[in-house]
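Trainee: Sequence:
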Amino acid sequence: MKFENLTIIIADDHPLFRNALRQALGMAFSDTLWFEADSAEALQAVLDQTAACDLILLDLQMPGSHGYSTLIHLRSHYPDLPVVVISAHEDINTISRAIHYGGAAFIPKSASMDTLEAALTAVLSGDIWLPPGTNIIPIEDDAVDQMASKLSDLTPQQYKVLQMFAEGLLNKQIAYDLGVSEATIKAHATAIFRKLGVRNRTQAVIALQQLEMDKRELS
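In this text, residue positions in the sequence shown follow this note's numbering: the first is 68, and each later residue adds one.
Among the clues, some could well be false.
[Unchecked claim] Lysine-lysine pairs mimicking BS3-like chemistry, simulated, CA-CA at most 25 Å apart:
#	residue 1	residue 2
1	227	262
2	176	217
3	176	69
4	253	227
5	239	262
6	217	227
7	217	262
8	239	253
9	239	227
[Said to hold, decoys possible] Computed spacing ranges between beta-carbons, pair by pair:
#	residue 1	residue 2	range
10	185	147	18 to 28 Å
11	182	247	20 to 30 Å
12	159	208	30 to 40 Å
13	206	147	17 to 27 Å
14	180	128	13 to 23 Å
15	269	93	41 to 51 Å
Since the hints were derived computationally from the structure, they do not count as laboratory data.
Note that the structure is predicted; figures quoted are calculated from it, not measured.
No residue lacks a Cβ here, since even glycine has one placed at the ideal position from N, Cα and C.
Taking the hints into account, I'd like the entire structure generated from these sequences.
Mentor: Dropping the structure here:
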């Protein structure tokens with residue numbers, strides 16, 4: 068099947084991998100406009116500037132991402148945009164959570180280019196793609212899942228502010244970077260705390276960190 072006039076974003080913090088991926092997939096998807104992002108913030112900037120996008124290839128471990136947080140945010144605010152998770156962590160729990168949180172496919176970074184092409188073709192055709200032989204496990208309604216639900220309620224600006232909290236930036240620094248007043252940041256903070264069910268910045272950051280992949284998944 069041939070797809071025309073596609074717009075695809077590769078979101079990964081390794082430039083060599085992005086370049087290799089773009090070159091390899093460029094042969095299979097020749098009529099495609101490619102964008103790249105090396106962090107969660109850069110990804111949001113591309114989305115803000117791009118009128119329409121057909122697909123995102125997302126690495127879970129980018130700067131600014133806390134495990135599944137960027138995937139959850141994307142599925143909440145761009146529900147019609149397929150997100151393909153591409154990761155070096157291939158354990159069944161990571162794959163299952165990625166699909167549970169709305170991923171349209173999970174592609175191991177060790178996959179061949181033929182596999183990548185087949186996966187993207189499936190997703191662009193409206194299907195879910197998983198590595199052959201994968202048996203998804205059910206995700207329990209645990210603290211991580213509950214936090215994921217709360218995170219999805221944040222607006223894009225609130226999510227950006229929360230990410231900057233996690234970086235340790237002060238309100239005045241965030242206000243300067245976003246071009247708004249400190250009062251606006253305080254208002255965002257109040258809304259973030261309420262939606263996440265926490266009392267302060269420290270608790271908000273701890274809540275966000277719950278979405279990071281378990282250390283056992285990274286071994």
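Trainee: Does each hint fit the structure? Answer for all of them.
Mentor: Against the structure, the hints:
no., hint, verdict
1, 227 to 262, "holds (14 Å)"
2, 176 to 217, "violated (30 Å)"
3, 176 to 69, "holds (24 Å)"
4, 253 to 227, "holds (13 Å)"
5, 239 to 262, "holds (22 Å)"
6, 217 to 227, "holds (15 Å)"
7, 217 to 262, "holds (6 Å)"
8, 239 to 253, "holds (10 Å)"
9, 239 to 227, "holds (15 Å)"
10, 185 to 147: 18 to 28 Å, "holds (22 Å)"
11, 182 to 247: 20 to 30 Å, "violated (44 Å)"
12, 159 to 208: 30 to 40 Å, "violated (19 Å)"
13, 206 to 147: 17 to 27 Å, "holds (23 Å)"
14, 180 to 128: 13 to 23 Å, "holds (22 Å)"
15, 269 to 93: 41 to 51 Å, "holds (45 Å)"
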